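Asker: Residue numbers for the sequence shown follow the working numbering, beginning at 15 and rising by one.
The hints are simulated quantities; they were obtained by calculation from the structure and are not laboratory data.
Keep in mind that the hints are not guaranteed to be accurate.
Have a look at the derived ranges for each label pair, beta carbon to beta carbon [to be verified]: (1) LYS45 to ASN365: 34 to 40 Å; (2) ARG367 to LEU504: 52 to 58 Å; (3) LEU512 to SER255: 46 to 52 Å; (4) GLN307 to SER255: 26 to 32 Å.
Simulated crosslink set (DSBU-like; lysine-lysine; CA at most 35 Å straight-line) [claimed, not checked]: (5) LYS169 to LYS188; (6) LYS576 to LYS231; (7) LYS231 to LYS294; (8) LYS529 to LYS488; (9) LYS45 to LYS64; (10) LYS262 to LYS230; (11) LYS370 to LYS426; (12) LYS190 to LYS269; (13) LYS230 to LYS101; (14) LYS252 to LYS262; (15) LYS174 to LYS149; (16) LYS45 to LYS488; (17) LYS230 to LYS251; (18) LYS63 to LYS91.
Here the structure is a predicted model, which is why all the values come from computation and not from measurement.
All C-beta atoms, glycine included, are put in the ideal place defined by N, C-alpha and C.
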Amino acid sequence: MKINRVKIVALAVVFFCTTAFSLALNPNLEKFKNSFEKLDFNTRITILKKVTLNTLSDSDKATYYQLYGQTFYLENKGDQAIAYFMKAMELYKKETNYTKATELGLTIAEIKRLSDYKYEDFHYLLDDAVVYAKKTNNTKLLCSIYKEIASNFIKTNPKKAIAYFILAKEESQKEKDSLFAARLDSNIGLVYNEFLHQPKTARIYCTAALHYFQKKKLSYYLASTYINMAGILRDEKKPDSAMMYYQKAELLDVKEYQTNFKIALYTQMSETYKELKDYKKAYEYSEKQKVYQNINNEQEIVKAIRDIDAKYQTKENKLQITSLKNTMDKGGKVIIFLLITIVLFFLSYQNMRRKKKIAEQEKLIQTQKIENILQEQELHEIDKLIEGQEKERILIANELHDNLGSLLATLKLNFQNLKLRKTTSLEADEQLFTTTDALLEEAYQKVRTLAHKQNAGVIGNQGLVPAVQNMASKIALSGKITVQVIPFGLDERLENTLELTIFRMIQELLTNAVKHAHATEIIINLTQHEDTLNIIVEDNGNGFDVDQIDKKDGMGLPNIEKKVTQLQGTFSIDSSIGRGTTLIIDLPL
15 MKINRVKIVA LAVVFFCTTA FSLALNPNLE KFKNSFEKLD FNTRITILKK VTLNTLSDSD
75 KATYYQLYGQ TFYLENKGDQ AIAYFMKAME LYKKETNYTK ATELGLTIAE IKRLSDYKYE
135 DFHYLLDDAV VYAKKTNNTK LLCSIYKEIA SNFIKTNPKK AIAYFILAKE ESQKEKDSLF
195 AARLDSNIGL VYNEFLHQPK TARIYCTAAL HYFQKKKLSY YLASTYINMA GILRDEKKPD
255 SAMMYYQKAE LLDVKEYQTN FKIALYTQMS ETYKELKDYK KAYEYSEKQK VYQNINNEQE
315 IVKAIRDIDA KYQTKENKLQ ITSLKNTMDK GGKVIIFLLI TIVLFFLSYQ NMRRKKKIAE
375 QEKLIQTQKI ENILQEQELH EIDKLIEGQE KERILIANEL HDNLGSLLAT LKLNFQNLKL
435 RKTTSLEADE QLFTTTDALL EEAYQKVRTL AHKQNAGVIG NQGLVPAVQN MASKIALSGK
495 ITVQVIPFGL DERLENTLEL TIFRMIQELL TNAVKHAHAT EIIINLTQHE DTLNIIVEDN
555 GNGFDVDQID KKDGMGLPNI EKKVTQLQGT FSIDSSIGRG TTLIIDLPL
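With these hints in hand, go ahead and build the complete structure from the sequences.
Answerer: In structure tokens:
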């Protein structure tokens, strides 16, 4: 049986090789370029080989070489693609098409990153690309460059990678590409979890990405982020919660990279069921993973056969294959030769597939504005802030008692005099009315001044984000507390009363994190998605039992929840003793 199967494979190879030459060719390079995406590898190679290069202009030659390189690159043949991309890049430079040349330089850098090159060997390509993108104000290109630079540091220097991802997000805000931003959030979350081992921070970014993917119903990105979230929960020793996310991913109709996606998902689900000691389910998903793995292997064998086909698409090789075909009837040497060739190609593609998986993970990265302000302060600074607020309240109370109180007491006496006086002159009554009116006006102005003082310095003319950043900087000045404020999408001012209400809620949550939870790291996310404002406040403090929240004296969380309900929003708390706290507020705008 094995020999018969090998013969079938060998005959298939010969058949592909002998029939590929009958394909109809289109001599028009532009038409070929337009239909490029619809053609398979062999058809592209065949058409490109029929092009008479010396009849093309330098501009068309550049396009020709670029298409040749792209043909190999799409087949994971980066080493062969680079040579053509380099020729195309030089011709684009000669034609002063520096945008195309820079884009190709970026692609070459990506190929080298996925190969055995060191970053030091090709970073000049990215450095030149950054200079050009800045010079031409090409923000879209600059975003892609920063993303590629970040990808080079994910394993070796994850913090540096995140810094470049955030630069990409800052630049990409100009493009308003929300999808790219959400993908970047998902990728940043992956780096925080897999390489920096900070699952709480990772969850913040993945949650932000989930909000967008759920809203836009993007199955592939949503499923990938579900898997990332599940990985975070597994690191936090919560396999039950992780399994819920895996099951959500399994229910989605994912068409992109379906085979690789299923292999990764079922592998993780099998391992998680083992952690849950459900060995029957673990075995079931292990078998499912093997089914898709076999599909993947068969696809790679087909690719290997196609490569053999392309390799022998010349006149001399056609004659050679014809000779081999005749020899097959006389002996098994050709079968053995082809079998060894297929195995070698299979092993080669196994290696390329592993590299491709890494590339696919990195392509999940995309664009929105994130401002990352990291400053520090000693713990007692929050006490000073609260002490200042208390002094302000005492000052207002004294103002009410000493000034406004005496004014109101005088007004009361005036009204009593008006009531008691039976026989007075019109002139005396007029004077009393005038005095009373002046006192009322003075009282009104004092109340107005107090209200103005209450609002001033909190929101003022700057808005919600600067006010929160200013408060965070006061808390984080010297070294024991880190407060990070990450705003996105808040390009316009909100209604003043709403801004003040939100500011007071965040102020209360920060006070809780420091005074009650004794946190040393606090992250505040302020994200506006169209008509919704999402607020996430996360700390690494002591945490608490959510079921006992009403018994937490002084925390004020029930009051915050009431305010959120009045604003027709939602308020949720994720906390447990010893694991910190995450509070999420969603408000309609």
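Asker: Which of the numbered hints above does this structure break?
Answerer: 2, 3, 11, 13, 16
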